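2 protein chains.
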Amino acid sequence: MNIRTPYLLFIGDASDPLSIKMAKSAADWSPEKCVGELAMPGCSVSTGLPRLSIEDAVERGAKSLVLGFANSGGTIDEKWLPTILHALNLGMDIVSGLHDKLEEFSPLKEAASRLQRQLINIRHPKEKFRTANGVKRTGKRLLTVGTDCSVGKMYTSLSLTKALRDNGVDATFRATGQCGILVSGSGIAIDCVVADFISGAAESLSPNAPASHWDIIEGQGSLSHPAFAGVSLGLLHGSQPDALVVCHALNRTHMRGLPHQAFPTLQDTIAMNEMQARLTNPSAKVIGVSLNSSSVSEEEALSVCAAISRETGLPCIDPMRHELTPILEALV
Amino acid sequence: MNIRTPYLLFIGDASDPLSIKMAKSAADWSPEKCVGELAMPGCSVSTGLPRLSIEDAVERGAKSLVLGFANSGGTIDEKWLPTILHALNLGMDIVSGLHDKLEEFSPLKEAASRLQRQLINIRHPKEKFRTANGVKRTGKRLLTVGTDCSVGKMYTSLSLTKALRDNGVDATFRATGQCGILVSGSGIAIDCVVADFISGAAESLSPNAPASHWDIIEGQGSLSHPAFAGVSLGLLHGSQPDALVVCHALNRTHMRGLPHQAFPTLQDTIAMNEMQARLTNPSAKVIGVSLNSSSVSEEEALSVCAAISRETGLPCIDPMRHELTPILEALV
Numbered sequence: 001m002n003i004r005t006p007y008l009l010f011i012g013d014a015s016d017p018l019s020i021k022m023a024k025s026a027a028d029w030s031p032e033k034c035v036g037e038l039a040m041p042g043c044s045v046s047t048g049l050p051r052l053s054i055e056d057a058v059e060r061g062a063k064s065l066v067l068g069f070a071n072s073g074g075t076i077d078e079k080w081l082p083t084i085l086h087a088l089n090l091g092m093d094i095v096s097g098l099h100d101k102l103e104e105f106s107p108l109k110e111a112a113s114r115l116q117r118q119l120i121n122i123r124h125p126k127e128k129f130r131t132a133n134g135v136k137r138t139g140k141r142l143l144t145v146g147t148d149c150s151v152g153k154m155y156t157s158l159s160l161t162k163a164l165r166d167n168g169v170d171a172t173f174r175a176t177g178q179c180g181i182l183v184s185g186s187g188i189a190i191d192c193v194v195a196d197f198i199s200g201a202a203e204s205l206s207p208n209a210p211a212s213h214w215d216i217i218e219g220q221g222s223l224s225h226p227a228f229a230g231v232s233l234g235l236l237h238g239s240q241p242d243a244l245v246v247c248h249a250l251n252r253t254h255m256r257g258l259p260h261q262a263f264p265t266l267q268d269t270i271a272m273n274e275m276q277a278r279l280t281n282p283s284a285k286v287i288g289v290s291l292n293s294s295s296v297s298e299e300e301a302l303s304v305c306a307a308i309s310r311e312t313g314l315p316c317i318d319p320m321r322h323e324l325t326p327i328l329e330a331l332v
Numbered sequence: 001m002n003i004r005t006p007y008l009l010f011i012g013d014a015s016d017p018l019s020i021k022m023a024k025s026a027a028d029w030s031p032e033k034c035v036g037e038l039a040m041p042g043c044s045v046s047t048g049l050p051r052l053s054i055e056d057a058v059e060r061g062a063k064s065l066v067l068g069f070a071n072s073g074g075t076i077d078e079k080w081l082p083t084i085l086h087a088l089n090l091g092m093d094i095v096s097g098l099h100d101k102l103e104e105f106s107p108l109k110e111a112a113s114r115l116q117r118q119l120i121n122i123r124h125p126k127e128k129f130r131t132a133n134g135v136k137r138t139g140k141r142l143l144t145v146g147t148d149c150s151v152g153k154m155y156t157s158l159s160l161t162k163a164l165r166d167n168g169v170d171a172t173f174r175a176t177g178q179c180g181i182l183v184s185g186s187g188i189a190i191d192c193v194v195a196d197f198i199s200g201a202a203e204s205l206s207p208n209a210p211a212s213h214w215d216i217i218e219g220q221g222s223l224s225h226p227a228f229a230g231v232s233l234g235l236l237h238g239s240q241p242d243a244l245v246v247c248h249a250l251n252r253t254h255m256r257g258l259p260h261q262a263f264p265t266l267q268d269t270i271a272m273n274e275m276q277a278r279l280t281n282p283s284a285k286v287i288g289v290s291l292n293s294s295s296v297s298e299e300e301a302l303s304v305c306a307a308i309s310r311e312t313g314l315p316c317i318d319p320m321r322h323e324l325t326p327i328l329e330a331l332v
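Chains as they are written, first to last, in UniProt numbering: chain A, 1 to 332; chain B, 1 to 332.
What the hints contain is simulated information worked out from the structure, not anything from laboratory work.
Predicted model only: the values in this text are computed from it and were never measured.
It is possible that part of the hints are untrue.
Just so you know, same-sequence chains aren't split out, so a pair can sit in one copy or run between any two.
[Said to hold, decoys possible] Calculated cross-link-like contacts (lysine to aspartate or glutamate; reagent style DMTMM-like; alpha-carbon spacing at most 25 Å):
#, residue 1, residue 2
1, Lys128, Glu110
2, Lys128, Glu78
3, Lys126, Glu103
4, Lys63, Asp242
5, Lys162, Asp268
6, Lys128, Asp77
7, Lys79, Glu127
8, Lys128, Glu300
9, Lys109, Asp170
10, Lys101, Glu127
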């Protein structure tokens, strides 16, 4: 993939902060690659970057318009086509992390071809995968898993990778979703792989490595989510993690997108992930809890982390607020 | 799909009886649609149908050459291209249940186009699926699950559907793999669906139905198979089964294709499937065990079934040898 930078982050008319996670990830983890955000009337959320018009962005050097919003089906709404076409006309490539392919829309295909622009679908793997073989690989692996979707698995993985490197440990972040791929420049969007090859793709994502090397693998979905548990399980088996970190967001009342679906407990999430992980790595163990505490005060966050730590017997921190030391210590 | 019958079943140079399950399924469940089998030097297995040349088959009216073998990656070996081209030249369509698409091979694409023949990839869904919503549907559902791949889930499902209908129960077989689709003429090859949509596709496969109607859904893979558990879990969640039948093959020493991977116990398989199924249907229950006892004598089969029944507290039968009555009774 040759994604031209800097980006203009298109967030549409989003009103749910979780729905712009693609844009927010780039703004948070690669701000130096972003000139600003493009929002439409009705938009009530923000990446925190300056709000620009396409013209402003071009003037500031923007080379790619990143479709920075997401929805459950990963579709591109036709109402955004004029905006996307305008960006193409003004010289930008288009980067999408949605299921729908950009070239499926003939006006985009035609304009990109005529103007010699790139339409980049980072979610669509180009490789052919093989089915998994379950054979244990060398090197060490940590996988983030979750009580739900969008609870902070990618942020936790990126934070852990950075903290390990800062401590002199050889570690590699392995992206499994469009946001992680946008931030890190490589990876496999595991939810876009054909079902038969989920575990095989996960095996290829973290190949044999030196004994002391850590792959920090971004988890996807949740074993307790009725729509995505299959993806989570295939990724878990193929990753063969030695260590698991359970990610959880405070104050969720139901599973993401499913008002009728109750939330699992942390204890159940820990037990189920350990049990399933041991199919391909008998020594797999949950070594910590990563809490997304953004819905409460600093003080309350500390007290909730302490309570979770007592309840689970595991270190619990919010990687966006606290030092990661307790989890790093549990790792080594 | 408009698959022209009768079929000539191509089994290549297979030596593993399980690898020709596509051909064997058609021979066993739709013999009236098959003229015979086509085998190459080295082939040491058979569907039981007469062995014919392509010329013989054409003379007997064959309209489609069915690629009746399978392998773990679902690939088409280039060494079969001359045979497939010969069948096209003599007037046949080609039907494949492999991952590789027939038209990816340019000589096939060119010949089919020139000769106006169909290249049918029954494993490749043409629909766009949505992600699952986990909302409970009306009607009743039974899903076959397994200790492993290729243990008899499709045969059990077809047998159960037939037995229910013979007993005046309104029942529909729902195919989830290429063999079931070939036999029944419709269905979704669930292992070919993009990972994000496994459960959503499974939800669409068995839609709302009258309260007394049973969908008998063909299971895939096994929660204990490192390569395919994600597919099995997504199918389990989307199917929302009221009843589960665990399928098991006697005398397997390891998981299919993975010599290093130990076999799960029946008790563990029952417990794990019930636990996972209850995420989307809290009353899901394993109601019986279906044993593939083809590796032992009639007498031994009866005694093993009795032992399993004592051990699990569930009816246990081999649907290819015994009456299905004990399982039907457990259903109603």
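- May I ask which of the numbered hints given earlier this structure violates, with the numbers listed in increasing order? 4, 5, 8, 9
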